[in-house]
Amino acid sequence: MTARFAFASLRNGQTMAEHSIPVAPEMSSLLDSVAEQCREGRRLANFFGHRASDQPLKLYAVMSDDKANLLWIGAATAGASFPSLTPRCPQAHLFEREIYEQFGCRPQGHPWLKPVRFPARPQSPPIPRNYSFFHMDGEEVHEVAVGPVHAGIIEPGHFRFQCHGEHVFHLEIQLGYQHRGVETLLEHAASGRVPFLAESIAGDTAVGHGLASAMVWESLSDVRVSARAAALRAVALELERLANHVGDLGALGADIGFVPGSAYFGRLRGEFLNLLMELTGNRYGRCFVRPGGVTFDLPETMAESFLKRMKNAQKELQDVSRLFFDTPSVFERLDGVGAVSLNACQELGLVGPAARACGQDHDVRKDHPYGMYRFHHIPTMTADEGDVFARASIRRLEIERSLEFVISQIDNLPQGNLRAACGPLRKQSLAVALVEGWRGEIMHTVITDEEGRISRYKVTDPSFHNWMGLAMALRDQQISDFPLINKSFNLSYAGHDL
Amino acid sequence: MLTTFIPLGVTLVAAPLVPGLINKTKAAFAGRQGPPLFQLYFDLLKLLNKGAVYSRVTTWIFRAGPIVSLASVIVAALFVPVAGTASLSFSGDIIAFAYLLGLGRFFTVLAALDTGSSFEGMGASREVTFAMFAEPTLFIIFVILARVTGSLSLSSMLTQAPLVGTPSMAGLLALVVFSLFIVCLAENSRIPVDDPATHLELTMIHEVMVLDHGGPDLAFILYGASIKLFVMVAMLAHLVFPMPDGSPVQSGLVFGSLMALITIVIGIVESAMARLRMVRVPRLLMAACMIACFGMIISLR
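Sequences listed follow chains A and B, in order. Residue 90 in the working numbering sits at position 77 of the first sequence, and the numbers go up by one each step. Residue 13 in the working numbering sits at position 21 of the second sequence, and the numbers go up by one each step.
Quick caveat, the hints were computed from the structure, so don't treat them as lab data. As the structure is a prediction and not an experimental result, all values here were calculated from the model. Watch out, some of these pointers could steer you wrong.
Chain A stretches covered by chain B per the calculated footprint, using a threshold of three residues with CB under 8 Å from any CB of chain B [unchecked claim]:
1) 153 to 161
2) 344 to 358
3) 488 to 500
Computed beta-carbon distance windows for the label pairs [claimed, not checked]:
4) B:S47 - A:F209: 42 to 50 Å
5) A:F209 - B:I256: 45 to 53 Å
6) B:T50 - A:F147: 28 to 36 Å
7) B:G43 - A:F209: 43 to 51 Å
Virtual Cβ for every residue (Gly too), placed ideally from N, Cα, C.
Could you put the whole structure together from the sequences, leaning on the hints where they help?
The structure is reproduced here in structure tokens:
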């Protein structure tokens, strides 16, 4: 047996020169190494292609070693096709489909090579739009198609159920309706526009994506963020998490027809959005995190009123959570619905609260700490069942921990400049930034060319990892439970479609 | 002659108030102001002034659905007493009442199937499945009332039952009222069986069957649903408390406050609990049926 192709290690928010990224002699040795690392418990955090001008396509794989707090990176030059990794390592399935769609490099033997989004890159090959959906035969099997236009005001996505009566055998999810070509836009944008574009990748994760983008930028231009700016960033990120988690619990309440739950959680969500607005000037936290720091300070007087309101909200949240989680009919409705096993979770590489609800102890804030999380740890919460109740409980616990964290941060904000100036980017380098957004791991990867311009900007939203988890959660469930299970994941369409 | 139609007239005029009051109660529990009490009247007016859009794949059944179901529920309302008297009453009208409601449902289901939409087909199958459990309960309740009052007309059964005032009768009536209450929730697609407020097609039962109707057709459906709710609440009102013999004003006041009280109770139930999982709904309805059966055994003693 030949020795395994060795990846280079990298930390979250670190830059490395492109020539120091190990390049495998052959595609297969890179893939073998990825498969082997997956078996050892590392996760495939990113797998993407990059074609620098007049050079052949190169594929980069980023592995995450959550125990050792390290990322591992390796690359290889690809031809017109490569042997698919998916049969050995299911986590790769969507990455490989994306590579095929973006660069036309075919993963041979991929079990399900269907389109991810519609092509935006000019060099992409045409993708069959009339894709034939997965389909079951049987006398009493019927198909229910939902979307892409939905009854509520939500994003577009197409869902196809293969059902027998109320029983769902299989759910197929087809997304891509919101494809805006974000990566291409980011690659060609003037540097001042990059943060704005990053914040609009997914409207409900403006702080998360903004922060990841800023971290990449700072890393590439060797800028250090002051302690005060780092603390304020953490406060904004946690407020975003609080608003969304609280909103999600309210939405779960609405889906099961539990009026008080939806009303009270909905009001508290507004409270957190208001706090975010007072801190950043925008209810969704836009235009706050910028490369080098943040745009606004939190003065003493404001901090005091923040503390008071947060502590109020903390008390109210306790009462509302108790009302919601202790009502028997709510428990009965959520318990055991839409379970994902830990095994499926690991095979698919789920991230964020959805993974923690399955018992996967993974959180970027703990595994790859950045900013303020290097000094203040937030305990990671896990559950075992992986059902809707577990996902709701994880949100409840994370809300409590986040509130404690934000209160302690605001209570003793460090001193420092708000924003440092950023110089030009390093040439021919690669930088990686991971952020634990409220949905899970957000990853921004940037490669610069010989003039210090961005030649590849790869965005990986947590939803990209998790949509397949939703499809698995629907197996052998009731079709009437789909809206509830979907809401318990609450994935982003825009973040997936880019 | 004219006075005969006063109970029906009251039903037709006051029916949209019942959903309005339920929504007000729910809003109060949610800490909101909620839509006005008369919102359904405004909605009906708005819908009646609209045009309707019909799919090319539908047939006359789709257009007949709302009309037949509204007509049948109005005719069924003739037999239900309002403040002690019904517009029409004859021996054995309970069968007519039950199957008029059944006819309305049948046409709603046919109209839903006529669209050929998978959602509506799903809703139709759920509706008839749950009706299959609710209907026997209703009949067992009728058997008990017929046995207790010795009458076979709906109005005398409902108005006389609470007057047979022995302690054992009180227990029996409690069983009847409880199971009729659950049937009322199920028949009128309220929580915990169905959620009238949801926008999620996949979880709907009744609402999903009428998704393709618009304009006046939707108005007929909404109006018919409110009459059905009014009628069922009126049945409960007569069972829980005997109507006084005095002037019509007096009995009208008693009836009105009983109606409001029961409506508020429905609103409280909707606010206090989450909807049942769909597979559990038959169990709830079977429990109601069992309770009615116990009642029947007691009444036969």
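Structure-based check of all given hints:
no.: 1; hint: 153 to 161; verdict: holds (count 5)
no.: 2; hint: 344 to 358; verdict: holds (count 3)
no.: 3; hint: 488 to 500; verdict: holds (count 7)
no.: 4; hint: B:S47 - A:F209: 42 to 50 Å; verdict: holds, 44 Å
no.: 5; hint: A:F209 - B:I256: 45 to 53 Å; verdict: holds, 52 Å
no.: 6; hint: B:T50 - A:F147: 28 to 36 Å; verdict: holds, 30 Å
no.: 7; hint: B:G43 - A:F209: 43 to 51 Å; verdict: holds, 44 Å
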